[in-house]
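Given next are the chains, with one letter for each unit.
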Amino acid sequence: MAHLARLNFSEGEKETYTSQLNEILMYMDILNKIDTSDVAPMTHAISLINAFRDDVNGESLGTDRSLANAPEEAGDCFKVPRVID
Amino acid sequence: MELNRLTIHELSDLLKEGKTTSVEITESVLKRIEAADERVNAYITVTKERALEMAESADRDIREGKTGGLTGIPVAVKDNMCTEGVTTTCGSHMLENFVPPYDATVVRKLKEAGAVVTGKTNLDEFAMGSSTETSYYGITRNPWDLERVPGGSSGGSAAAVASDECIAALGSDTGGSIRQPAAHCGTVGMKPTYGRVSRYGLVAFASSLDQIGPITKDVEDCAIMMNAIAGYDANEATSVPEQVSDYRDFVSRDIEGWTVGIPKEYFIDGIDPEVLSSVNNAIKTMEACGATCREISLPHTEYCVAIYYIIAPSEASSNLARYDGVRYGFRQKGEEDLLDMYKATRSAGFGAEVKRRIMIGTYALSSGYYDAYYKKASQVRMLLRNDFDEAFKTCDIILTPTTPTPAFTIGEKMDDPLRMYLSDIFTLSTNLAGVPGIAVPCGYTEKGLPLGVQFMASHFEEGKLIQAASAFERNAGFTKRRPEL
Numbered sequence: 001m002a003h004l005a006r007l008n009f010s011e012g013e014k015e016t017y018t019s020q021l022n023e024i025l026m027y028m029d030i031l032n033k034i035d036t037s038d039v040a041p042m043t044h045a046i047s048l049i050n051a052f053r054d055d056v057n058g059e060s061l062g063t064d065r066s067l068a069n070a071p072e073e074a075g076d077c078f079k080v081p082r083v084i085d
Numbered sequence: 001m002e003l004n005r006l007t008i009h010e011l012s013d014l015l016k017e018g019k020t021t022s023v024e025i026t027e028s029v030l031k032r033i034e035a036a037d038e039r040v041n042a043y044i045t046v047t048k049e050r051a052l053e054m055a056e057s058a059d060r061d062i063r064e065g066k067t068g069g070l071t072g073i074p075v076a077v078k079d080n081m082c083t084e085g086v087t088t089t090c091g092s093h094m095l096e097n098f099v100p101p102y103d104a105t106v107v108r109k110l111k112e113a114g115a116v117v118t119g120k121t122n123l124d125e126f127a128m129g130s131s132t133e134t135s136y137y138g139i140t141r142n143p144w145d146l147e148r149v150p151g152g153s154s155g156g157s158a159a160a161v162a163s164d165e166c167i168a169a170l171g172s173d174t175g176g177s178i179r180q181p182a183a184h185c186g187t188v189g190m191k192p193t194y195g196r197v198s199r200y201g202l203v204a205f206a207s208s209l210d211q212i213g214p215i216t217k218d219v220e221d222c223a224i225m226m227n228a229i230a231g232y233d234a235n236e237a238t239s240v241p242e243q244v245s246d247y248r249d250f251v252s253r254d255i256e257g258w259t260v261g262i263p264k265e266y267f268i269d270g271i272d273p274e275v276l277s278s279v280n281n282a283i284k285t286m287e288a289c290g291a292t293c294r295e296i297s298l299p300h301t302e303y304c305v306a307i308y309y310i311i312a313p314s315e316a317s318s319n320l321a322r323y324d325g326v327r328y329g330f331r332q333k334g335e336e337d338l339l340d341m342y343k344a345t346r347s348a349g350f351g352a353e354v355k356r357r358i359m360i361g362t363y364a365l366s367s368g369y370y371d372a373y374y375k376k377a378s379q380v381r382m383l384l385r386n387d388f389d390e391a392f393k394t395c396d397i398i399l400t401p402t403t404p405t406p407a408f409t410i411g412e413k414m415d416d417p418l419r420m421y422l423s424d425i426f427t428l429s430t431n432l433a434g435v436p437g438i439a440v441p442c443g444y445t446e447k448g449l450p451l452g453v454q455f456m457a458s459h460f461e462e463g464k465l466i467q468a469a470s471a472f473e474r475n476a477g478f479t480k481r482r483p484e485l
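First to last, the protein sequences are chains A and B. With the working numbering applied, the first sequence corresponds to residues 1 to 85, in that order. With the working numbering applied, the second sequence corresponds to residues 1 to 485, in that order.
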């Protein structure tokens, strides 16, 4: 699960988290008291259909401002560690 | 006269009459920040120079007769809303050096209304918490008792308003993060209807729940702030193109003949006796205002915490996937492999509570568990929303406590996440149902801690909330105090 979340944990953290998450997930079991076989899941807090806008170009940030917060950059690109051997 | 102690409407009157200037007001706020914030730690960043420039520009506008709803008024912004050119940390190591290239829509609207932005307020890391203890930039203390938490996650905004370190502030509310700290700090806090206020430029936590709203010294100020920030924004797909009222029109109206629903499920065992008695007094006040209070039922209330703590972490785990050390934010140096860099960055950049929620969310969304957790929670959420739809057929507004206890002490719940989660028990439902809610001061405990009553209304009925809260405020019959700080 930590791998899926892209996180590392120390042995000590693993122990604390496992017991805390167990307790939290056990609490979630109260939801099983309710029969929801005929209930549609709620996906939106309000009834919105689709939010369309006209297909026109707006302003965009541009390369310099997009790269301004990058931890590392090279030319016009974000630089990352090697991906392929 | 200490200008920083006044409200928006009082200061606006003084400005209009030429009795003070925005520079004077802003200087009194900045002086107060210098004197008090070392103890309170409400701010992460104070933008003194910018604030004074904005104040000078506001004074020019006033001389030229060009005024908006907030002209010359110092307002603080929670540090999870983007401010162009001003660091936006979200209370996290991850965004320590993040300088947004644009203003969030609400920040742009504040500026357009003439407000003076004083700085960025502290919060639980990524707005995940109920006590403002998980910020990378230190805990915020409650101005009423420095040994207690201000609530959270908008604890910095609530503490700044309560200690007169700003005139009003913006917070964000995913499960009570405006209303719970507002109640703990003796201020007014509103979570508007989902879709009413644009979240463009708000750092996303749980996208089906997040909403921005004001924290203010009184209800009229709440209406003034709502006038400035509410409305449709084409940049936000969930923003609702509905007509927005002038909320100030609702301030002095009465509530004669209204029906106030009192949901029996909110009066549970374990609720603090002083909270209970203040809420019972609030019910009497509403009756004295000419409203009829009657018991109603919101039968799925007991499931709120479970629904919320599946849905919010699930959405958070997805939203926070973007913090990978590539485009902005912190990057852990020294890793030679991309995947190792992601993991090292995220493990060092996020604090314990954020990682806990990412793990809960990753688990709840993972294949094999999705139906049992996320889908199940979304189904029960529908039942909860139906509860509210039914309830609002029989009453105008709903009245409940805002929190089960007064502000708790620093450290009290830090080792027990589930107990911390339960402190949001009365505020989660409005986010889940998408309806608006407001917390209004309703008295003090024997030890002098402020308490708040919560009103809820149906979707897009913020006007009704202002009307009820304002009637309550006028007739509550207790003398407003100030924290001794």
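Since the hints were made in silico from the structure, they are not lab data. This structure is a prediction, so every number in the text was calculated from the model and none was measured. Possibly wrong hints are sitting among the right ones.
In silico lysine to aspartate or glutamate, EDC-like type, Cα no more than 20 Å apart, as pairs [stated by the list, open to error]: (1) Lys333(B) x Glu73(A); (2) Lys33(A) x Glu265(B); (3) Lys375(B) x Asp29(A); (4) Lys14(A) x Asp416(B); (5) Lys480(B) x Glu2(B); (6) Lys111(B) x Glu96(B).
Label-pair ranges, simulated between beta-carbon atoms [said to hold, decoys possible]: (7) Cys77(A) x Glu84(B): 19 to 29 Å; (8) Asp337(B) x Ala68(A): 22 to 32 Å; (9) Arg294(B) x Ser66(A): 55 to 65 Å; (10) Arg294(B) x Ser10(A): 25 to 35 Å; (11) Glu84(B) x Val56(A): 47 to 57 Å; (12) Thr16(A) x Ser367(B): 21 to 31 Å; (13) Ser252(B) x Leu4(A): 50 to 60 Å.
Even glycine gets a Cβ: it sits at the ideal position worked out from N, Cα and C.
> In this structure, is the beta-carbon distance linking Arg294(B) and Ser10(A) contained in 25 to 35 Å?
Replying inline: 55 Å Cβ-Cβ, so the 25 to 35 Å window is violated.
> Does the alpha-carbon distance linking Lys375(B) and Asp29(A) stay inside the 20 Å limit?
Replying inline: holds, 13 Å
>> Run the distance test for Lys33(A) versus Glu265(B): straight-line Cα separation, threshold 20 Å.
In response: holds, 17 Å
>> 50 to 60 Å was suggested as the range; check whether the CB atoms of Ser252(B) and Leu4(A) agree with it.
In response: The hint (50 to 60 Å, Cβ to Cβ) holds, given that Ser252(B) and Leu4(A) are roughly 55 Å apart.
> Is Lys111(B) within 20 Å of Glu96(B), Cα to Cα?
Replying inline: Given that 20 Å is the threshold and the Cα spacing comes to 24 Å, the pair is violated.
> Regarding the pair Lys480(B) and Glu2(B), is the alpha-carbon distance no greater than 20 Å?
Replying inline: holds, 17 Å
>> The hint says 55 to 65 Å between Arg294(B) and Ser66(A); measuring C-beta to C-beta, is that right?
In response: Given a distance of about 57 Å, which is inside 55 to 65 Å, the answer is holds.
> Is the distance from the Cβ of Thr16(A) to the Cβ of Ser367(B) consistent with 21 to 31 Å?
Replying inline: holds, 26 Å
> For the pair supplied as a hint, Lys14(A) and Asp416(B), is the alpha-carbon distance within the 20 Å limit?
Replying inline: Holds, because 16 Å separates the two Cα atoms, which is no more than 20 Å.
>> Quick check on a hinted range of 19 to 29 Å for Cys77(A) and Glu84(B), using CB atoms only.
In response: Taking Cβ atoms as reference, Cys77(A) and Glu84(B) lie about 24 Å apart, which means the hint holds.
>> Holds or violated: the 22 to 32 Å window for the beta-carbon distance between Asp337(B) and Ala68(A)?
In response: Since Asp337(B) and Ala68(A) have Cβ atoms about 26 Å apart, the given range 22 to 32 Å holds.
>> So if I understand the rule, the pair passes when the alpha-carbon distance is 20 Å or less; does Lys333(B) with Glu73(A) pass?
In response: The hint holds at about 14 Å.
In this structure, the earlier hints numbered 6, 10, 11 are contradicted, and the remaining ones agree with it.
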